[in-house]
Amino acid sequence: MRSVIVSNIASVDGFYAAADGNPLVLNMDEAFDEYNRVRIEAADMVLLGRKSFEGFSSYWPGIADAPEVPGNRALSEDNRRVSRAYNSLPKYVVSDTFEVPEGNAWHDSTAVVAGRDLPEWIGARRQEGNGDILVFASRVLWNSLLELGLVDEVHLMVSPRALAGGIPVFGAPTDLTVLDSARFDSSSNILLRYRPGSGVRRRGVLDDQAGHAAAPPGAHRDRRTPGH
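Here the sequence shown is numbered in my numbering, starting from 2 and rising by one per residue.
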């Protein structure tokens with residue numbers, strides 16, 4: 002059964018982007034790139050809001066085969082693999098009015114899902130396989146999914162920066178249960194993994210055979226003990 006996974010970055014004081022909408026003020030470093038690659042390579046499909054689709058489809062398609070530029074981290078192997086995954090995976094844009102433009106690099110691998118049909122659509126997709134339905138960026142979309150009870154896990158890469166204002170991660174009060182956290186050798190970011198709702202920790206979709214949440218390479222897992 003597929004799970005809906007939301008994966009995003011946040012400031013330490015809970016903001017998704019600066020007041021002007023720019024998320025690049027946060028620490029999008031090598032650990033962030035690597036975790037994005039881990040997540041998208043575990044996905045069967047990607048679910049996006051219109052604005053995120055427009056931004057991603059203008060940037061990611063060409064990264065896979067772009068000429069080498071020494072020192073340019075945007076062209077790292079992790080990001081090239083993210084690009085290849087985006088290019089090959091089916092993508093779905095949630096909108097009541099959007100149409101994928103002819104000539105868009107992802108035109109043939111993208112479909113549009115009407116917002117009113119989203120609960121039924123996700124219910125059907127969950128039954129069709131075992132990979133993730135991945136939501137990157139798309140803050141308005143995934144907050145709506147949370148309100149509808151359609152999110153299985155929320156993964157937040159917390160950047161060690163306080164913005165003291167901007168666009169908040171969450172659009173409404175939300176109860177979450179910590180599944181685990183991870184620190185990285187090469188980064189000051191911390192990965193926090195939650196499931197929506199309150200209660201004790203359960204085994205999640207990233208867990209390994211022993212029931213422990215699988216941390217990405219270079220990360221140190223901090224497991225939570227239920228009741229503590």
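To be clear, the hints were calculated from the coordinates, so they are not data collected in a lab.
Heads up, some of the hints might be wrong.
Unchecked claim - For each label pair, taking beta carbons as the anchor points, the in silico distance ranges come out as:
1. S77 with P161: 19 to 29 Å
2. G104 with G15: 13 to 23 Å
3. M29 with E148: 26 to 36 Å
Backbone N, C-alpha and C define an ideal beta-carbon position, used for all residues, glycine too.
Hint-by-hint comparison with the structure:
{"no.": "1", "hint": "S77 with P161: 19 to 29 Å", "result": "holds (21 Å)"}
{"no.": "2", "hint": "G104 with G15: 13 to 23 Å", "result": "violated (39 Å)"}
{"no.": "3", "hint": "M29 with E148: 26 to 36 Å", "result": "holds (27 Å)"}
Hint 2 from the earlier list is the only one contradicted by this structure; the remaining hints agree with it.
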